[in-house]
Structures are given as structure tokens and as C-alpha cells.
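Chemist: Here is what each chain is made of, one letter per residue.
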Amino acid sequence: MNETARMTAEKHRDYTGSKIGMWLFLSTEVFLFVGPFLLYAVYRYRYPTDFHNAAAGLNLVLGILNTVILLTSSLTMALSIASVKKGNKKLSMLFLMLTILFGIVFLANKYVEWGAKIEHGIYPNSAALLKHSNGEIIFYGLYFFATGLHGLHILAGVILLSVMAVLIAKGKIDPSDFIKLENSGLYWHLVDIVWIYLFPLFYLIR
Amino acid sequence: MDNTLPSGSVHGASFYEERGHYRGILSWILSTDHKRIGILYLCSVLTLFGAGVLLGFLMRLELITRGPTIMGPQTYNEIFTLHGVIMLFLFLIPATPGVFGNFFLPILIGAKDVAFPRLNLLSWWVYMAGAVLAITSLFTGNGPPDTGWTFYVPYSLRTGTNVPLAVFSIFVLGFSSILTGINFVTTVHRLRAPGMGWLRMPLFVWTLYATSWLQILATPVIGVTFLLVIAERVFGIGIFDPAKGGDPLLYQHLFWIYSHPAVYIMILPGMGIISEIIPVFSRKVIFGYKAVAYSSIGIASVGSLVWGHHMFVSGYSYTAGVLFSFFTFLVAIPSAIKVYNWVATLYKGSIRVDTPFLFALAFLVQFSIGGLSGLILGALSLNVFLHDTYFVPAHFHYIKFGGGGFAFFAGLHYWFPKMFGKLYNKKIANYALLISFIGFNTLYFPMFLLGLEGMPRRYYDYLPRFQPLQVVSIVGSWILVLGLILMFGNLIRALFKGEKASANPWGGATLEWQTPSPPPAENFEKIPVIEHGPYKYR
Amino acid sequence: MDRKEDSAHIVVQYRAYAIVWIILLALTWLTVTISGVRIGGVTIFFPLLIASVKATMVLSFFMHLKYEKGLFKLIILIMLVIFLVLICLVFSDVGYR
Numbered sequence: 001m002n003e004t005a006r007m008t009a010e011k012h013r014d015y016t017g018s019k020i021g022m023w024l025f026l027s028t029e030v031f032l033f034v035g036p037f038l039l040y041a042v043y044r045y046r047y048p049t050d051f052h053n054a055a056a057g058l059n060l061v062l063g064i065l066n067t068v069i070l071l072t073s074s075l076t077m078a079l080s081i082a083s084v085k086k087g088n089k090k091l092s093m094l095f096l097m098l099t100i101l102f103g104i105v106f107l108a109n110k111y112v113e114w115g116a117k118i119e120h121g122i123y124p125n126s127a128a129l130l131k132h133s134n135g136e137i138i139f140y141g142l143y144f145f146a147t148g149l150h151g152l153h154i155l156a157g158v159i160l161l162s163v164m165a166v167l168i169a170k171g172k173i174d175p176s177d178f179i180k181l182e183n184s185g186l187y188w189h190l191v192d193i194v195w196i197y198l199f200p201l202f203y204l205i206r
Numbered sequence: 001m002d003n004t005l006p007s008g009s010v011h012g013a014s015f016y017e018e019r020g021h022y023r024g025i026l027s028w029i030l031s032t033d034h035k036r037i038g039i040l041y042l043c044s045v046l047t048l049f050g051a052g053v054l055l056g057f058l059m060r061l062e063l064i065t066r067g068p069t070i071m072g073p074q075t076y077n078e079i080f081t082l083h084g085v086i087m088l089f090l091f092l093i094p095a096t097p098g099v100f101g102n103f104f105l106p107i108l109i110g111a112k113d114v115a116f117p118r119l120n121l122l123s124w125w126v127y128m129a130g131a132v133l134a135i136t137s138l139f140t141g142n143g144p145p146d147t148g149w150t151f152y153v154p155y156s157l158r159t160g161t162n163v164p165l166a167v168f169s170i171f172v173l174g175f176s177s178i179l180t181g182i183n184f185v186t187t188v189h190r191l192r193a194p195g196m197g198w199l200r201m202p203l204f205v206w207t208l209y210a211t212s213w214l215q216i217l218a219t220p221v222i223g224v225t226f227l228l229v230i231a232e233r234v235f236g237i238g239i240f241d242p243a244k245g246g247d248p249l250l251y252q253h254l255f256w257i258y259s260h261p262a263v264y265i266m267i268l269p270g271m272g273i274i275s276e277i278i279p280v281f282s283r284k285v286i287f288g289y290k291a292v293a294y295s296s297i298g299i300a301s302v303g304s305l306v307w308g309h310h311m312f313v314s315g316y317s318y319t320a321g322v323l324f325s326f327f328t329f330l331v332a333i334p335s336a337i338k339v340y341n342w343v344a345t346l347y348k349g350s351i352r353v354d355t356p357f358l359f360a361l362a363f364l365v366q367f368s369i370g371g372l373s374g375l376i377l378g379a380l381s382l383n384v385f386l387h388d389t390y391f392v393p394a395h396f397h398y399i400k401f402g403g404g405g406f407a408f409f410a411g412l413h414y415w416f417p418k419m420f421g422k423l424y425n426k427k428i429a430n431y432a433l434l435i436s437f438i439g440f441n442t443l444y445f446p447m448f449l450l451g452l453e454g455m456p457r458r459y460y461d462y463l464p465r466f467q468p469l470q471v472v473s474i475v476g477s478w479i480l481v482l483g484l485i486l487m488f489g490n491l492i493r494a495l496f497k498g499e500k501a502s503a504n505p506w507g508g509a510t511l512e513w514q515t516p517s518p519p520p521a522e523n524f525e526k527i528p529v530i531e532h533g534p535y536k537y538r
Numbered sequence: 001m002d003r004k005e006d007s008a009h010i011v012v013q014y015r016a017y018a019i020v021w022i023i024l025l026a027l028t029w030l031t032v033t034i035s036g037v038r039i040g041g042v043t044i045f046f047p048l049l050i051a052s053v054k055a056t057m058v059l060s061f062f063m064h065l066k067y068e069k070g071l072f073k074l075i076i077l078i079m080l081v082i083f084l085v086l087i088c089l090v091f092s093d094v095g096y097r
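Residue numbers (the numbering used here), protein chains in the order written: chain A, 1 to 206; chain B, 1 to 538; chain C, 1 to 97.
Mixed in with the good hints there might be a few duds.
[To be verified] Using 27 Å as the maximum straight-line C-alpha spacing, the simulated DSS-like pairs for lysine-lysine come out as follows:
id: 1; chain 1: C; residue 1: K66; chain 2: A; residue 2: K86
id: 2; chain 1: A; residue 1: K110; chain 2: B; residue 2: K244
id: 3; chain 1: A; residue 1: K131; chain 2: C; residue 2: K69
id: 4; chain 1: C; residue 1: K66; chain 2: A; residue 2: K180
[Stated by the list, open to error] Selected chain A positions facing chain B (in silico; Cβ < 10 Å):
id: 5; residue: D14
id: 6; residue: T16
id: 7; residue: F31
id: 8; residue: Y43
id: 9; residue: N134
id: 10; residue: L149
id: 11; residue: D174
id: 12; residue: F202
The hints are simulated quantities; they were obtained by calculation from the structure and are not laboratory data. No residue lacks a Cβ here, since even glycine has one placed at the ideal position from N, Cα and C.
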């Protein structure tokens with residue numbers, strides 16, 4: 001096979017290339033969260049007691065529930081890709097729909113959790129929060145910022161996966177070309193990993 | 001190497017004549033051809049460069065007398081902020097990767113295009129969106145930001161000016177930069193022509209590769225920092241607000257974690273251009289190819305560890321100061337390796353004194369002055385004395401403008417015949433360079449002296465004893481602007497009236513010179529097979 | 001010519017995924033249970049360790065890193081090193097101020 005044809009073929013469907021691109025993008029996502037994590041480390045170091053007290057105010061049950069939901073959604077995501085590779089379109093669609101559903105349930109949960117906090121007057125710059133100590137104000141500032149940013153990523157993921165569902169339905173994702181679904185899956189798993197760290201850092205300060 | 005390839009018109013159509021899906025302006029702004037995107041970037045960044053020059057010119061002019069001359073203090077603060085934002089985020093960061101990277105990276109490695117052509121077009125659109133947002137921020141809210149380009153908290157949280165939109169525009173521009181970075185890294189990994197091993201890549205490609213990693217890894221940090229500033233202003237989350245227990249110094253840390261590597265995003269590709277020009281006009285293989293190639297990676301890595309030298313007098317810990325000062329001295333080593341290797345390349349070469357070569361020499365002089373003055377600033381004890389004086393802007397203008405900017409001009413004069421298929425008037429170009437060089441040094445060298453005497457930067461007014469040197473510097477800005485007008489006037493004239501350029505007017509050995517000027521849409525008639533290193537002279 | 005030298009053809013069995021999932025849930029239970037344990041006066045050690053084990057499992061199995069070429073592992077390594085360096089340098093300020 002001559003080289004020109006190889007280059008052309010690679011340009012049109014470079015499976016590894018697409019995946020390199022995706023992993024590079026994921027590393028930018030990681031560094032987006034590095035900022036909040038760095039700030040968290042510094043402020044927890046500076047205000048250990050305040051962080052301890054403030055964390056007690058978070059709803060641990062909802063936190064655990066959301067962790068389980070996201071871990072399960074990662075499982076269904078991986079299963080969806082595996083089914084596509086095996087050529088089982090229906091099963092793949094089912095797993096993808098489940099993943100999207102879990103994403104939406106996660107957001108709903110988050111809504112309830114934030115709603116309860118806001119109802120108690122605990123939100124950035126609220127009069128009730130400003131009465132707390134500096135460390136607690138910072139804790140909640142970081143909490144709302146980090147979980148908010150993470151929530152936006154879940155939302156983006158839900159939209160992305162919905163687009164993938166349409167592509168599967170149209171037959172544009174099949175056993176011979178599934179890189180789009182696989183890359184979307186990588187994104188979804190990364191958002192899960194971010195939550196794996198956020199959960200103990202905010203909910204489990206004992 | 002044969003230097004007598006036919007020009008574009010003989011051998012099929014150039015990429016300008018290529019018929020795509022669209023006609024007219026759409027054939028440009030919707031094109032995924034890396035060469036067209038390069039030209040789009042060229043037009044955009046030069047327009048904004050013009051705006052930045054104008055602002056800098058006005059800023060200098062204001063200082064010709066003490067007290068108000070042509071504007072009030074608030075306007076002055078806004079103008080130096082805008083000058084910084086435009087020159088850094090809208091010109092220097094996207095300029096060399098966006099223009100020459102897009103146009104030449106695929107050609108230099110023997111590929112037909114970048115790895116993700118549509119993403120490439122998107123990056124230009126996102127850049128334009130960022131530029132439009134930045135300009136919108138001037139006319140909405142309570143006027144343009146007056147914080148300086150660094151947007152330091154807590155002032156940026158308190159000022160009534162339009163900080164949120166301005167930092168959001170930089171957040172958007174960051175996306176464009178990231179997309180370019182991802183594209184280039186993937187392209188270098190996947191699309192090198194057969195036989196082009198890593199150590200056969202032209203040095204410009206090496207610098208772009210190192211720069212792209214910086215763009216990918218550093219940009220998100222400033223993105224999230226600016227999101228925090230926005231969240232602070234909109235919701236008052238308190239993370240940087242001392243009144244709520246926040247620590248403003250952490251903002252400075254996060255800001256410089258990106259913004260110092262950003263300096264290398266601006267200068268590294270420029271160094272790559274110089275590494276291309278010097279061997280060609282010395283007719284000699286570059287001295288120490290591997291050292292120059294790896295020093296790009298070295299600069300990118302060590303350069304990411306020196307951000308704290310912007311904070312020596314901020315009141316952070318002495319331990320950090322010592323560490324950051326040490327790393328600052330360390331980063332001088334890979335930069336010096338490059339300079340020494342360029343000079344060693346000249347030694348016993350058959351030097352052809354031509355326009356691009358002269359630009360490269362101007363770069364060498366100015367970059368060396370800038371780099372050495374950086375070492376002075378990197379010394380802890382001296383920095384206490386020089387911090388926030390004119391010495392600092394003098395230093396970084398020598399690096400960014402005298403280095404990065406002049407390297408960009410050098411690249412423009414080196415690759416102009418290839419990009420447009422036209423030759424410019426070399427004599428006028430040489431004069432333009434001479435005038436710009438004199439203007440540049442008259443403008444910025446007095447700033448070193450003013451800084452040593454204690455003139456603080458960003459001040460609207462000054463003591464009478466500073467006036468003579470201020471006036472010298474301001475006259476320098478006029479000379480510089482004259483030189484720039486002549487330089488670009490000459491190039492624009494060449495676009496319309498220039499002689500046709502041959503495929504290889506400089507006798508270059510890298511791949512771009514082995515395809516017609518301007519290149520055909522597919523870059524090469526047939527993908528080249530590489531059998532030797534990039535600079536095949538003696 | 002088949003250049004799929006990577007994970008494209010690897011199909012992990014459904015059962016393997018399920019086992020990973022069960023371990024992840026078990027680790028979550030574990031981290032909640034022992035979150036109060038102190039190592040050298042701080043409680044952050046075990047939660048971070050367990051989170052990292054979980055993240056590694058997601059990376060290796062769900063994200064197929066286990067089957068990928070060196071470059072992908074290198075990207076992860078670079079990120080990890082840079083993050084540690086950033087933490088160290090920032091704490092050279094914060095810790096000694």
C-alpha cells in the first residue's frame with residue numbers, strides 16, 4: 001500500500017489521533033479543577049477547625065447517594081461502549097439512556113441539596129453566612145463554586161450524551177466507527193473522577 | 001537540493017485558486033484549510049496589533065508633559081490596561097502559533113493539514129468571539145477596566161469598571177488557545193511524513209510542540225481563576241476577598257501559574273522562527289540541533305516553575321522567594337543555550353545578509369538585552385529595589401516586543417514570498433527595520449535608566465527630573481511607529497505590485513521550500529519521504 | 001492495512017465492568033466508614049488514598065488506560081507531576097509565611 005493512500009486514510013479516520021486529542025482535552029479539564037483544589041488545600045490548611053465545622057452542615061446522605069449514582073452511570077457508560085463494539089445497538093442505546101438518566105438524577109439531587117442550603121440562608125454573600133467565621137465562609141464559597149462547576153460539566157455531559165444517542169439512532173455510530181461515543185465516554189468518566197475527589201474533600205471532614 | 005522548482009502558476013492551482021464549497025468571503029471564514037486559517041489569523045492579529053500600537057503610542061504621548069496632556073488619569077489607567085490585554089491576549093499569544101503555526105506546521109512535517117481541521121477553524125471563530133467580547137467590554141458597563149492587564153484582586157473586585165466581561169473575554173480566548181494547542185500536539189504525533197523522526201523535525205516545529213503543551217496545561221488555570229473572579233463579583237463567594245477570609249495572594253499565584261508560562265507561549269515560537277532563519281542564511285547546519293530542540297522543552301518545563309518571581313515584594317514567604325529566584329536563574333540556561341547555538345551557527349557560515357537575516361540579528365540583540373535584564377530582576381535583593389519601576393516594562397518589552405514581536409516580523413519577511421507568492425522590496429524593508437530598531441531602542445532603553453532612578457510604572461504623573469528621559473523615550477515611540485508604518489506599507493504594496501516569487505527564493509532546505517509559492521491546496525503533489533535532518537547544508 | 005495498534009479492538013466483558021463497579025461501591029462505603037481515622041493528626045490521608053484508588057480503577061478499566069499506549073499514560077503522569085509541583089511551590093509560600 002503506498003504512503004499517500006495511507007496518509008489520506010489516516011487523515012479521514014485517525015482513531016488514535018482522535019483519542020490523543022480527547023485525552024489532551026481531558027487534561028485541560030483536570031487543570032481547570034486544579035485551581036479550586038489548590039485553593040482548597042491552602043484554605044483547609046489555614047482554617048482546619050472551620051472547615052471541620054462547616055462540613056458537618058452538609059448532607060452526607062445526599063453526597064453518598066450522588067457518589068453511587070455517578071459511579072453507576074460510569075458503569076452503564078462503559079457498558080454502552082462495550083455493546084456498540086459487540087454490535088448490539090439496542091443494548092447500547094439502553095445503557096446510554098440509563099447513563100443520561102443518572103446524570104439528570106444527579107443534577108436533581110444537587111438541586112435539592114443546594115435548595116435546602118439556600119432555604120436556610122446559606123449561600124454566597126448571604127447575611128446568615130457572613131455571620132459565620134471566615135473559614136466557614138470560604139468553605140461554602142469553595143463548595144458552591146466547585147460543585148457548581150462540576151454540575152455544569154454534568155450538564156454538558158448530559159447534552160453530549162444525548163447527541164450521541166441521536167447518532168446511534170441514526171446509525172452513525174456502529175462497530176466500525178464508535179470513536180465519538182468512546183470519547184464522550186472518556187469525558188463522562190473524567191467528570192466522575194472529579195466527583196470521586198470532591199466527595200471526600202467536602203463531605204467527609206471528620 | 002534543487003532550488004529551481006516551478007512557481008505555483010505552472011504546476012496547477014495554488015490554494016488561493018482552489019474551488020471549495022463556498023464563494024467570496026465565505027470561502028475564507030468557513031474554510032478548514034490550515035493555510036487559509038493562517039491568513040485569517042494574520043489579518044485579525046495584525047488589526048489588533050495596530051490597535052495596541054495606537055494605544056501604546058497615546059499612552060506614551062500623554063507623559064510628554066507632567067500633569068494632564070491629552071487625557072485624564074482614569075483614561076490613562078484604562079488605556080494601559082487595554083494596551084496590555086490587546087497586545088498579550090489578542091496579539092502575542094495567538095500571533096505566531098495562529099499565523100505561522102497554522103500555515104507552516106503541516107507543511108514543515110509533510111502533512112496535508114492539521115489533525116483536526118474543523119477544530120482549527122473553530123479556534124479562529126472562538127478567537128474572534130473573544131476579541132468581540134473584549135471590545136464590547138469597553139463600551140458597556142461602567143467603561144473599560146482600569147486594573148492593568150493583571151486584574152489583581154482585591155482592586156478588580158472593587159472597581160466599578162467592566163471587569164467581569166473583560167475577564168470573560170480572556171476566558172473565551174483561552175479556549176481558542178487550547179484548541180490550537182490540542183491540534184498541534186496531535187498533528188505532530190500523528191501526521192509526520194514517512195521518515196520524519198522526532199529528530200528530523202524542523203526546530204520551529206519543536207518550539208510549536210513545546211508551546212502547545214504550555215497552552216494545553218496552563219491556560220485552564222487562568223480560565224478557572226477568572227471564573228472565580230467573575231463568581232466573586234457576581235455572587236461574592238469570598239475566596240479572594242480579604243474581608244471574608246480570602247487571600248488575595250492566592251489570586252496572584254493562580255494568575256501567574258498561567259501568565260508566566262504565557263510569556264514562553266509568546267516567545268518560544270519566535271525562537272523557532274529564528275532557528276529556521278539563521279541556518280538558511282548562514283548556509284550551515286544549525287549548531288547543536290538536539291540542544292536547541294530539547295532546550296524548547298526545557299524552557300517550557302522550567303518556565304512553568306518561576307511564576308513566583310512576579311511576587312517578590314507581595315509579602316509572601318521568604319522560602320518561596322528563594323526557590324522562585326533559583327528557578328528564575330535556572331530558566332536562563334536553556335534560553336542561553338539557544339542564543340549560543342545561533343551565534344555558533346553563524347561562525348564560519350557563508351552568511352548571506354538578506355532581509356530576514358537582519359531581522360533575526362535585531363531579535364538576537366534585543367532578546368539578549370531583555371533576557372539579561374530579566375536575570376537582574378530575578379535576583380531577590382535587586383528586585384526589591386526595581387519592582388514596579390520602569391525597569392520592569394523595559395525588560396518585558398525587550399523580551400516580548402524586541403524578541404517575540406521582532407521574531408514575528410522576521411517570520412513575516414522570511415515566509416512572505418511563500419505565503420503570498422510575491423516578493424517585497426528588500427531595500428525598503430531593510431530601511432524599515434533600521435528605523436524600527438532605532439525607534440525601539442530609543443523608546444525602551446531609557447526606561448531601564450528611568451527605572452534605576454526610581455520612576456514607578458503605571459504612574460500618570462512624575463517628578464521633573466524624569467522628564468528628559470521620558471521625552472527621549474516618547475520620541476523613540478514616534479520613530480518606531482514610523483518604522484512600522486513603512487514596514488507594513490512595503491508589505492501591503494508587495495501584495496499588489498510585488499514581483500512573482502519563485503518556490504525557493506532564500507535557498508531554504510526545509511519542506512515548505514520544496515512546494516510552489518503559494519502552495520497548492522494539498523500542500524504537496526505527493527507526500528514527501530524524509531531521508532535526512534531539516535537543515536541539509538554542510 | 002490495519003493500524004489499530006491500540007484499544008479499539010479490545011472488548012472488555014460486561015462481567016469485568018460489573019466487578020469494578022462493585023469494588024468502587026465498596027470503596028465508597030469504606031471511605032465513609034473510616035473517614036474519622038487520624039494519621040499523624042490529620043484526617044485527610046485515608047479519604048485521599050481511597051479516592052485515588054477509585055480514580056485509578058476508573059482510569060484503568062472504564063477509560064481503558066490499562067490497554068493504551070505509553071503516550072496516554074505519559075499524559076496522566078505529566079499531569080500528576082505538575083499538580084504535585086504546583087502544590088509544593090504554593091505551600092513553599094503558604095506554609096512558611
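Chemist: Taking the hints in turn, state whether each one holds.
Modeler: Hints and how they fare:
no. : hint            : in the structure
1   : C:K66 / A:K86   : holds (20 Å)
2   : A:K110 / B:K244 : holds (25 Å)
3   : A:K131 / C:K69  : violated (53 Å)
4   : C:K66 / A:K180  : holds (20 Å)
5   : D14             : holds (6 Å)
6   : T16             : holds (7 Å)
7   : F31             : holds (4 Å)
8   : Y43             : holds (8 Å)
9   : N134            : holds (3 Å)
10  : L149            : holds (7 Å)
11  : D174            : violated (21 Å)
12  : F202            : violated (14 Å)
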